[in-house]
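Enquirer: With positions in the sequence shown counted from 1, the corresponding number in the numbering used here is that position plus 23.
Rather than coming from a laboratory, the hints here were simulated on the basis of the structure. One or more of the hints may lead you astray.
[As the list claims (entries may be wrong)] Using 30 angstroms as the maximum straight-line C-alpha spacing, the simulated BS3-like pairs for lysine-lysine come out as follows: (1) Lys38 x Lys48; (2) Lys56 x Lys115; (3) Lys54 x Lys146; (4) Lys38 x Lys56; (5) Lys93 x Lys54; (6) Lys57 x Lys146; (7) Lys93 x Lys81.
[Claimed, not checked] Computed Cβ-Cβ distance ranges for the label pairs, DEER-style: (8) Lys81 x Tyr117: 48 to 56 angstroms; (9) Lys115 x Ser144: 20 to 28 angstroms; (10) Ser144 x Thr52: 20 to 28 angstroms; (11) Met85 x Glu131: 30 to 38 angstroms; (12) Lys81 x Glu134: 51 to 59 angstroms.
Heads up, the beta-carbon is just placed ideally off N, CA and C, and yes, glycines get one too.
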Amino acid sequence: MSEQTTPVPRTRRVKQQSPYEVYIKPYVTPKLKKDLSFGLVGFLGMCVGIFHYAYIMKEWLMNPYMENTKLAIHFAGFFLHVFVSIYFYLFKYYPVVYAEEIAEEQAELEELRKKDAEIKSRKNQ
24 MSEQTTPVPR TRRVKQQSPY EVYIKPYVTP KLKKDLSFGL VGFLGMCVGI FHYAYIMKEW
84 LMNPYMENTK LAIHFAGFFL HVFVSIYFYL FKYYPVVYAE EIAEEQAELE ELRKKDAEIK
144 SRKNQ
């Protein structure tokens with residue numbers, strides 16, 4: 024007599040979510056991405072500024088009797104670099120990264136101005 028075995032039906036494996044999808048993905052919002060990129064660019068800009076300053080100090084330490092005009096040129100270049108970096112960071116990069124938030128804020132301000140104008144017109148009547 025031959026024994027017949029019945030095939031065991033295969034059950035589907037439940038796909039488990041990765042830890043990234045469970046623990047991290049719900050908290051990674053577009054706003055967080057914008058904030059992180061803005062912070063990273065600021066950090067890198069500060070690092071470049073610090074290294075520029077360190078270069079000036081190294082030059083000064085290597086030649087303590089450096090002419091004042093040459094030292095002044097180094098510091099003028101440093102301050103120009105810092106101000107240009109701040110300008111690009113705040114006035115060029117910020118509006119690009121936070122364009123949606125700026126537009127929403129301006130729309131809210133416009134709405135408040137309209138309400139304020141309505142209230143003033145009612146008081147004048």
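Enquirer: Run every hint past the structure and note whether it holds.
Expert: Against the structure, the hints:
1. Lys38 x Lys48: Within the cut-off at roughly 17 angstroms; holds.
2. Lys56 x Lys115: holds, 18 angstroms
3. Lys54 x Lys146: Violated, at about 41 angstroms.
4. Lys38 x Lys56: holds, 28 angstroms
5. Lys93 x Lys54: Violated, because 45 angstroms separates the two Cα atoms, which is more than 30 angstroms.
6. Lys57 x Lys146: Outside the cut-off at roughly 43 angstroms; violated.
7. Lys93 x Lys81: Roughly 14 angstroms between the alpha carbons, so the hint for lysine 93 and lysine 81 holds.
8. Lys81 x Tyr117: 48 to 56 angstroms: violated, 32 angstroms
9. Lys115 x Ser144: 20 to 28 angstroms: violated, 40 angstroms
10. Ser144 x Thr52: 20 to 28 angstroms: Since serine 144 and threonine 52 have Cβ atoms about 41 angstroms apart, the given range 20 to 28 angstroms is violated.
11. Met85 x Glu131: 30 to 38 angstroms: violated, 56 angstroms
12. Lys81 x Glu134: 51 to 59 angstroms: holds, 55 angstroms
In the structure shown, a violation is registered for the earlier hints numbered 3, 5, 6, 8, 9, 10, 11, in ascending order.
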